[in-house]
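Let the sequences and hints guide you as you build the complete structure.
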Amino acid sequence: MTVRTRFAPSPTGGLHLGGVRTALFSYLFAKKHQGKFILRIEDTDQNRFVEGAEEYILNCLDWCGISPDESPFHQGEYAPYRQSERKEIYKKYALQLVETGHAYYAFDTPAELEEMRSKYKTDSNPSPQYDLHVRMKMKNSLSLNAEETQTLLQNNTPYVIRLLIPSNRTIQFKDLIRGEISNESHLLDDKVLLKADGMPTYHLAVVVDDYLMKITHAFRGEEWLPSAPIHILLWEYLGWQNDMPQWAHLPLILKPDGNGKLSKRDGERLGFPVFAMNWTNPETSEKSIGFKEIGFLPEAFINLLALLGWSSGLEQEIFSKEELIEQFAIEKVHKGGAKFDYEKAKWINHEWIKKSEPKHLLNTVKNLYDANQIKIESENKLLEVISLVKERCHLLNDFIMQGIYFFQTPTTFDVEAVKPKWNDAKLHFFQQLISTLKNTEEWSATHVETQFKNLAADHNIKIGELQMPFRIMLVGGKYGPSVFHIAELLGSEKTIQRIQNLLNVL
RNA sequence: GCCGCGUUGGUCAAUCGGUUAAGACGCCUCCCUUUCACGGAGGAAUGACGAGUUCGACUCUCGUACGUGGUACCA
Numbered sequence: 105m106t107v108r109t110r111f112a113p114s115p116t117g118g119l120h121l122g123g124v125r126t127a128l129f130s131y132l133f134a135k136k137h138q139g140k141f142i143l144r145i146e147d148t149d150q151n152r153f154v155e156g157a158e159e160y161i162l163n164c165l166d167w168c169g170i171s172p173d174e175s176p177f178h179q180g181e182y183a184p185y186r187q188s189e190r191k192e193i194y195k196k197y198a199l200q201l202v203e204t205g206h207a208y209y210a211f212d213t214p215a216e217l218e219e220m221r222s223k224y225k226t227d228s229n230p231s232p233q234y235d236l237h238v239r240m241k242m243k244n245s246l247s248l249n250a251e252e253t254q255t256l257l258q259n260n261t262p263y264v265i266r267l268l269i270p271s272n273r274t275i276q277f278k279d280l281i282r283g284e285i286s287n288e289s290h291l292l293d294d295k296v297l298l299k300a301d302g303m304p305t306y307h308l309a310v311v312v313d314d315y316l317m318k319i320t321h322a323f324r325g326e327e328w329l330p331s332a333p334i335h336i337l338l339w340e341y342l343g344w345q346n347d348m349p350q351w352a353h354l355p356l357i358l359k360p361d362g363n364g365k366l367s368k369r370d371g372e373r374l375g376f377p378v379f380a381m382n383w384t385n386p387e388t389s390e391k392s393i394g395f396k397e398i399g400f401l402p403e404a405f406i407n408l409l410a411l412l413g414w415s416s417g418l419e420q421e422i423f424s425k426e427e428l429i430e431q432f433a434i435e436k437v438h439k440g441g442a443k444f445d446y447e448k449a450k451w452i453n454h455e456w457i458k459k460s461e462p463k464h465l466l467n468t469v470k471n472l473y474d475a476n477q478i479k480i481e482s483e484n485k486l487l488e489v490i491s492l493v494k495e496r497c498h499l500l501n502d503f504i505m506q507g508i509y510f511f512q513t514p515t516t517f518d519v520e521a522v523k524p525k526w527n528d529a530k531l532h533f534f535q536q537l538i539s540t541l542k543n544t545e546e547w548s549a550t551h552v553e554t555q556f557k558n559l560a561a562d563h564n565i566k567i568g569e570l571q572m573p574f575r576i577m578l579v580g581g582k583y584g585p586s587v588f589h590i591a592e593l594l595g596s597e598k599t600i601q602r603i604q605n606l607l608n609v610l
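Residue numbers (my numbering): 105 to 610.
Since the hints were made in silico from the structure, they are not lab data.
Each hint should be verified, as a subset may be incorrect.
Simulated pairs of lysine-lysine, BS3-like, Cα-Cα distance not exceeding 25 Å [said to hold, decoys possible]: (1) K485 <-> K459; (2) K450 <-> K359; (3) K196 <-> K243; (4) K458 <-> K436.
Pair ranges (Cβ atoms, derived) [said to hold, decoys possible]: (5) R221 <-> W451: 45 to 51 Å; (6) T513 <-> I565: 34 to 40 Å; (7) A215 <-> K436: 45 to 51 Å; (8) T513 <-> E430: 27 to 33 Å; (9) V519 <-> K436: 43 to 49 Å; (10) D474 <-> A183: 37 to 43 Å.
Don't be surprised by glycine CBs; every beta carbon is placed ideally from N, CA and C.
Right, dumping it as structure tokens:
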């Protein structure tokens, strides 16, 4: 049997960290078993449809390197992969359930449902359900006689189809992560299967599609655990229980401070992204920053996601996608939720930047520079800059500050780092240095360093006293790699020019 | 309220009945470096609580507490 997993988001907005992790685990599991990973769009709520969200989700998966084998954009033998295009299929099965006595028509209007809820609401039962206690008091094909039901149906009275929950059953199933889960059926409510607009609810759609698409392992967030018994029942009533996928309910990703599910708002509040990529809500024009745009490498992003709720058991923490596929084991997924730690996320990105070949970073950095109007003379020079500064870049955007002075003359100088200790002796040293460097034929870090040191000795000034001013001249600030390496890459002309620049200011 | 699920340092986590309870992030100290980093050495810091089972419990059982999810014609 071929392993088939699916990621089934609803296209309602930006793709959340937790969503990408669900996709990632599904992908890793499928690939580990030479299986297929499917993207299915769960757009059964027409009120929540958001323009562009589908393409955006696919783009995010592509960027992460976990592209689906089948999706609305790839097509495959189980198309369509968009639930809104499978409307008729669900209806057929809903009717089948009515015929077999496991579901029924309900004609209650939203107002009547509201009325029911307020009527039966008590302190000890703040949210009454449409269940065995009230169903016979409502307007449905169970409480009405056959003629009444027929009449309503013939008059095109809006109706939903509800699942008839048995009164006294213990519903058990085995979750791959949590083991045996058990629920009592009398606590469940008669969930709507088919809505009045003819669309299925998630409950019906997920079962029908997982069956039709031959899904073997279903990964989803822990928030689905309470409705799992509904799905188990549906698999059984539809006569498919032998084909039911194995369930795996993933732990939640929690906010760093306090408790609760990590939300978009938490990211805004605490200053980190929650979405994989930039997302602009087309209705409100509200923009949310993504991991990609804030400067994460996709390798680092999936690495950090993998470590949220899963651990290899090894001491290794940095994993390539291939290593993740190899190491991933569902048994090693945690039960408890994990708080998101942005500091650690940045550390992982930093590790990835450090270990990346400059060539691998070239295009990304080049695009970054283009976007920031930093002109580079050549790719080769940029390559050298990247390899010189990458170990001090935690986010890709750090390449701007760490590399810009190689391409643009600093316009501001941290004079405070120089001025307090500045004196004529140092002024003379640098004046002398300019002429010395002008006459230098060989230009390399070691050569400049030798010249610099010899001259310092001649002037009887400690070299340490002179390096900082030199750095400020070349860089503008107190950061960057060895000054002599900077000078080497800059070339003699620019180096000399920059010394003169600061001398003019001081 | 009810139901489900969970609980090892600040955070991520190893351990699958017997360990001085790993490792990582972050934090602190020191070394390297007269920049910022990187790297290296060290440090502080952990089994929610209470019963049981057992020769022996972080590991198994039960209870309590706490947290979290669900309780929609949303997914």
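Verification of the hints:
1. For the hint linking K485 to K459, the alpha-carbon distance of about 19 Å falls within 25 Å, and the restraint holds.
2. Between the alpha carbons of K450 and K359 the distance comes to roughly 16 Å, so the proposed pair stays at or under 25 Å and holds.
3. A threshold of 25 Å between alpha carbons decides the hint, and for K196 with K243 the separation of about 23 Å falls inside it, so the pair holds.
4. About 28 Å separates the Cα atoms of K458 and K436, which puts this hinted pair outside 25 Å; it is violated.
5. Hint check: R221 to W451, Cβ distance near 49 Å, so the stated range 45 to 51 Å holds.
6. Between T513 and I565 the beta carbons are some 26 Å apart, a value that contradicts the proposed interval 34 to 40 Å.
7. In this structure the hint that A215 and K436 lie 45 to 51 Å apart at CB holds, the actual value being about 50 Å.
8. Taking the beta carbon of each, T513 and E430 are about 49 Å apart, not inside 27 to 33 Å as hinted.
9. Distance hint check for V519 and K436: the Cβ-Cβ separation is about 55 Å, which falls outside the suggested range of 43 to 49 Å.
10. About 39 Å separates the C-beta atoms of D474 and A183, a value consistent with the hinted range of 37 to 43 Å.
When the structure is compared with the earlier hints, violations turn up for hints 4, 6, 8 and 9 and for no others.
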